[in-house]
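Novice: The chain contents come next:
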Amino acid sequence: MKKRFFSSLEPYLFVAPLALFVVFFVFIPILGTVWSSFYSDVTFLERRFSFLQNYGALFSDPGFWKSLRFTLLFISVAVPLELIIGTAFAVVLDLEIPLRGLLRACVLIPWAIPSAISARIWELIYNYSFGLANFLLAKTGLARGPVNWLGTDFGAFAAVTAADVWKTAPFVAIIVLAGLQAVPRDLKLQAKIDRANFAQVFFKVTLPLLKPVLVVALLFRTIDSLRIFDVLYVLTHGGPGGATASVSLYAYKYFLGGDFGYGSAASVALFLVSFALSCLCVKYSGFTEAAS
Amino acid sequence: MKEETLVSALTFAAACFMAVFSLAPFLYMFATSFSASPDYLTGGFNFTLANYSDVLGVRSLHFLDYLRNSLVVSFVSSAATVLLASLAAYAITRLEMKGKAAILLFVLAVSMFPQVSLIGYLFRVMTELDLINTRTALVLPYIAWILPLALWILVSYFAQIPKELDRAAVIDGCTKWQVLFKVLLPVALPGIFSTALLSFIFAFNEFLFALMLTTDYQSRTIPVGIALFQGLHGETPWGQIMAASTLTTLPILLFTLLFQRHIVQGLTRGAVKG
Amino acid sequence: MKSLLKLAVLLPLLVSACSKKPAELVFAVGGAPNELDFWETVAADFRKETGISVRILRQPTDSDQRRQGILIPLKAEKNDPDVFLMDIAWIPQFAASGWLRDLDAAAGAPVDTAPFWKNIVDRSDRYGGKLVALPVYVDAGLLYYRKDLLKKYGYAKPPATWKDLLEISARVQAAVRKENPEFYAFAWQGAQYEGLVCDFLEFAGAKGGLRTENGRLLAATPENIKALAFMRDLVSKYKISPPNTYTEMKEEEVRLFFQKGNALFERNWPYAWGLHQAEGSPVKDKTGICPLPGFAGPDSVSTLGGWHIGLSKYSDKPEDAARFIKYVLSKKVQKELSLKLGWNPARRDVYGDPEVLKVHPHFTQLRNIFDNAVPRPGLPYYTQVSEALQRRLNAGVSGNEEPAAALEAAQKEIDAVAARYGGGK
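Protein chains in written order, with our numbering: chain A, 1 to 292; chain B, 1001 to 1274; chain C, 2001 to 2425.
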């Protein structure tokens, strides 16, 4: 009897270490952050319970709303671009071309490099006086003078988006490619015999079959873009004038100012947005269908 | 016939574009790292190895320290993650237990949390444990952070291995541990390898935890080191930054070229089969 | 099973075992490369004299990143670094957080503050009646100018007002552009960082700036709005400051821009003097310094800056650290500081030293400038005030917000910050 009890517990023993780690280093910290957000926790003030005061200050700070607006705008521009470019890449990678493996590896490289490092490369590319971007513009005559990439709201937004799309489109490409390869060859062949051209085959036959994969990519990319930090930290520091400060960067700046309570409140707000957005994604995209 | 040549020409052009799109920034990095000054596009290129000798030779720049920290932290995190995830994946795919779906969903939810919402409290915990500015302070949260991904990939690998294999082993008198370590893991080796590679890359690329939980070269990792790089020659030392970036990037580049099949497999398992 | 558990427990320990602590004093300092080299020699000399080894913890040049590098270990109660240099603007926060040791107590006897500028020590280094920091060097904004260019185009003196500066700039820039298309007349710090606030206070002049009225910090005054509009116009209307002023221009970027011969005027701290005059510098012997211009002539202001040394509450070697601080502030080291780096030491007696005056005749001029130097508000929450200001000023300079709107928005944010943090401990 006793033995049977133990053996019914045994499976949980296998899962326990993983669960412990996740609970200790992810779950408890989240709860801890929520708890801290109810405190006035500033290095130079007495720590005291202040309940919703941090949230009151947060919601009345235009800087916070600006960072939230930037974050959402960034997602709505960057993620569709990533999906389109990634899918286009996947289509090419699915064709029978020489050196396909090598090309696939090349496409993968931007994804594998730490974004702090690639952001520094982009920082140099966007450099006003001697960067590659302005050099190319001057050579091709596309712009009259050098563009102040990181100096204007629009320029900085475009610069950050380009750097992020470059880094993450490969991820989309790779998983869409897997989806493409799962599309039965006969189906494409059949469509060809029916004298459909390449575009028709793609939009009428392939794309609908790709929907589950695209939904997964959309979900992953949305959640990941929501927490964008490193690219901004390196490229713009949130500038000019806070135009490219994501919520993560906004919260981080308060941690460094010594205000841990307020920084926690901002991160909890981000957590809630992230949670709501993933629920929306799951609900409206039929992720659950796709999973089952 | 004509149409076919057109199509293959277009395909070739697209492939070239993709290669350039992906690699051009690295070529720029590479070229800059050998240039005496970063304005060589207009000012003329002067070849030099000084950036490399500075980055590798000047101890107070700590490039090698950062690199070593990154390698140690990523390696330990990746090894521990794979081990813990294998145990759990085994239980989920092979043993009778309640709440399997709940565990998988719970773990998936965890991977969606923004890092910044953990960092404030993690900082306090690490302060209490006196672990700030140690590699342990990074390894522990990294393991927890990467585990969900690893679990999803491994579950899909393990589920593919025919159950007859371990049934036969059980009949031969193996315990559950033996089944896992002697039968399943060897068969799932490619999957384990993919998972380990991906975990390594994730740990190697992490930025925010490393930024907040380390203070100097004793534990700082390479992404933070390069983001805060301070050179020997005032201004932003582009040549040295690019030399350091090249030295960091090259191994990953080779790694990716060599093992792209495994990385791709891991990624698609984690995302598509999920 | 057991061995697995052991592994799980030991793994983290193994990792931490690699990072053992060397038994030495750690001194966190950042800045331009020659600065770091200088501190290395100071540390070596100190070791020769006392046998105490000091490790220099290299920090970035960027002031925000330096602050981050000190704040994190202090907040985490780490015993490294023991000693650090603080920007004058951080002292109130660090002191109010209880991170700075009483230097009198650490030294075992009251520290003699007579050699230093009394107003600076009293205003910045005492907190709650205790001596928590000491100045290492004093900074104030200066105008650097190209003597040769002014002479070539027929100007006998550097400008005393901004109006003069505009006139001279327009003419000289138009002429020099023909040979050097990268030339801009006036380089200053406009990137979104603390330096922008310092520059702003100088443009705002004696009547503007961040004054307190009935306990309220005033940002959106007419003088300040005028100053911000002027800063924006320098870039976009008069076009005598480079277009990357508000994205990239920090001290070092400005210094190098001027040093390459690409500018006629430069607003910078005194440290640039030594570098401009260094062997191999294209502007060597062609550079002059003077007080910054004002809108109506003599109402010019320069922002008081400078770095002060502090001793961590969490230091495990406070006696050694106090000895090191004393050594850094000795006349010998302070003199070297001015001779080797061209900086302005905090000790007044160095300014009368004939050997120093021979190398730096401009030191006599600096005294006046220091007398007019305006400190930034001494608030524990100055960082938060500055953060809001940096953001809004940067938006104003870049033209993204109208100067008045930017400063009014800054005022609102500052009021909110004061309401939140003004309670005091």
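The reader is advised that the hints may include incorrect statements.
Think about it this way: if two alpha-carbon atoms lie no more than 25 Å apart in a straight line, the pair counts; the simulated DSS-like pairs of lysine-lysine are [as the list claims (entries may be wrong)]:
1) C:2335 to C:2048
2) C:2130 to A:66
3) C:2412 to C:2130
4) C:2163 to C:2152
5) C:2147 to C:2178
6) A:139 to C:2178
7) B:1176 to A:283
8) C:2317 to C:2075
Please keep in mind that the hints were generated in silico from the structure rather than gathered at the bench.
Novice: Evaluate each hint against the coordinates.
Specialist: These are the hints, each one checked on the structure:
no., hint, verdict
1, C:2335 to C:2048, "holds, 19 Å"
2, C:2130 to A:66, "violated, 41 Å"
3, C:2412 to C:2130, "violated, 33 Å"
4, C:2163 to C:2152, "holds, 20 Å"
5, C:2147 to C:2178, "holds, 20 Å"
6, A:139 to C:2178, "holds, 21 Å"
7, B:1176 to A:283, "violated, 39 Å"
8, C:2317 to C:2075, "holds, 18 Å"
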